[in-house]
Amino acid sequence: VNEYNMTETIRGHHGTLLMGGIGANKIELRPERKFSDEVDPEVFDNLLPGEAISHHEKNWIECIRTRKQPNCGIDLAVKVQTVISLAEMSDRLSIMCVYDEKNRKITTADGKEVKPLTYGSLDLS
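Residue numbers (this note's numbering): 14 to 138.
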């Protein structure tokens, strides 16, 4: 391996996220040409490791006691889990899955509806 680390890549419709590179503490957003007017290229350098889970646990317990909103509430959790679930479905089914937020449906890029994966819907791997 040379001085460039292996780069993790997430490819999206509007752009690509490249993680790693020299120093491995960098994320680069490269927009697709088609969306270059909508998405600006960005580079995030000198990223530090994320905060420990213990901070989130402490915040969660504090919110239970005080009835305040947590730092990472349910609205964020639903959006994050949607992305994670679509990525898993895309990987397992070997297709690109698209989520229509308005109709709450999962489709392929050409609009064919895809049923959500549930336990037992695929053979064991």
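No lab work stands behind these hints: they were computed from the structure. Please note that the accuracy of each hint is not assured.
As the list claims (entries may be wrong) - Subject to a maximum C-alpha distance of 27 Å in a straight line, what follows is the list of computed DSS-like cross-link-like pairs (lysine-lysine):
id : residue 1 : residue 2
1  : LYS81     : LYS71
2  : LYS47     : LYS115
3  : LYS92     : LYS128
4  : LYS47     : LYS71
5  : LYS39     : LYS92
6  : LYS125    : LYS47
Hint-by-hint comparison with the structure:
no. : hint           : in the structure
1   : LYS81 - LYS71  : holds, 13 Å
2   : LYS47 - LYS115 : holds, 24 Å
3   : LYS92 - LYS128 : holds, 19 Å
4   : LYS47 - LYS71  : violated, 44 Å
5   : LYS39 - LYS92  : holds, 24 Å
6   : LYS125 - LYS47 : holds, 23 Å
Of the hints listed earlier, the one the structure fails to meet is number 4.
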